[in-house]
Amino acid sequence: MSGTRSAGERLETLAIHAAGRSDDATGAVTLPIHLSTTFERSPEGSYPHGYVYTRSGNPNRDALERTLAALDGGAAAAAFSSGSAAASVALRSLLRPGDEALVPDDMYHGIRRLLLEALQPWGVRITRVDMSDPVAVANALTSETRILWIETPSNPLLKITDVSTIADLAHRAGARVICDATWTPARMLPAFELGADIVLHATTKYLSGHSDVLGGALVVREVDAAFEQIRFLQGYEGAVPSPFDCWLTLRGIKTLPYRLRGHLANAEKVAAFLHTHPSVAKVYYPGLPEHPGFDVAQRQMSGFGGMLSFRLRGGEEAAVAVAAKVTLIRRATSLGGVESLIEHRASIEGADTLTPRDLLRLSVGLEHFDDIIWDLDQALGSA
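What the sequence shown shows, in this note's numbering, is residues 1 to 383, in sequence order.
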């Protein structure tokens, strides 16, 4: 037998079985969808099955949370109606007015806007720092720093953060580390082993994998007072996924390890093609040896990911033209689905964008890689 894990501990098996086995009532091998919003008491007034109201708990959400905790190797998980809702709850659970959050200078613009427009006016100091530079992070830490937010690879410039080094700096300063693993699910980046305290997922992306369900989650290293506050906000604010959303996400997770292999293999080939194309000025992909984070990514990741960005020599006009000319790849926001998606990122991020205007972000899907490359080549032909 290969490996040292016992049966049931490997990711492919966890993805299928961590939610539970056959339904006790019927023997169904697929988890039923429990759409009920409320649950009946026993004659003496107790709740014999542990469920009261679906906002505070539901069998489908419990199954999803068990699975997510198992996949990340965490102690527990809390599922939400979106990745942004999960991020909001994490930040408000750990920060108070007067606290500081250190965040990447390159990060998902939705969370950046949440930090700047919701938390900063509340009295939280937001400090942007290049997380790929440990010296810059060490210099930015203060006695008020409570959170370091890590996003690696970053969105959309794919900067790489040395998670273990940054986590060590954070913990010595008394701060917690939240790692957004939306681009690196299923321990592609073993965030807890590297020192993260909380892992964030937008389950909408690779975990669900089919561009048909919105969701988010927080997975924690340990169940502590912070997680109890997360649970409180989850239950009483009610930004939770529906039972059907949980069921769909679990269905997607069952094929996640195999889908990830296809995304990663295709992205490596597409990045290599773009790297040599005369119309492309620069490719941001940590699997290229020229990438400044290549060595760190190779050390801490089990694959380089299915995302990349590239800039056009012809500037913004060329970038917009290339996006307009693709025929197989879809022009759409989001990532991690089976279909390849391309986006002129600056135009979606708005007037305050920090993203270069000649940049296109590409989520490499599961089509045959030759077809993806053909489509890019024909679109780039006159760029």
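Check each hint, because a few of them may be wrong.
As the list claims (entries may be wrong) - Here are the computed lysine-lysine pairs in the DSS-like style, where the Cα-Cα straight-line distance is at most 25 Å:
no., residue 1, residue 2
1, K325, K269
2, K282, K254
3, K269, K282
As the list claims (entries may be wrong) - Simulated DEER-style distance windows between Cβ atoms:
no., residue 1, residue 2, range
4, I348, K269, 23 to 33 Å
5, T26, S347, 45 to 55 Å
6, A225, G50, 15 to 25 Å
7, D371, T333, 14 to 24 Å
8, R261, R330, 14 to 24 Å
9, R41, R10, 39 to 49 Å
10, D224, P97, 14 to 24 Å
11, R330, D23, 32 to 42 Å
I should point out that these hints are in silico values taken from the structure, not numbers from a laboratory.
Here a beta-carbon is modelled for each residue, glycine too, at the ideal position from N, C-alpha and C.
Here is what the structure says about each hint:
| no. | hint | result |
| --- | --- | --- |
| 1 | K325 to K269 | 21 Å, holds |
| 2 | K282 to K254 | 36 Å, violated |
| 3 | K269 to K282 | 16 Å, holds |
| 4 | I348 to K269: 23 to 33 Å | 26 Å, holds |
| 5 | T26 to S347: 45 to 55 Å | 50 Å, holds |
| 6 | A225 to G50: 15 to 25 Å | 22 Å, holds |
| 7 | D371 to T333: 14 to 24 Å | 22 Å, holds |
| 8 | R261 to R330: 14 to 24 Å | 22 Å, holds |
| 9 | R41 to R10: 39 to 49 Å | 41 Å, holds |
| 10 | D224 to P97: 14 to 24 Å | 22 Å, holds |
| 11 | R330 to D23: 32 to 42 Å | 37 Å, holds |
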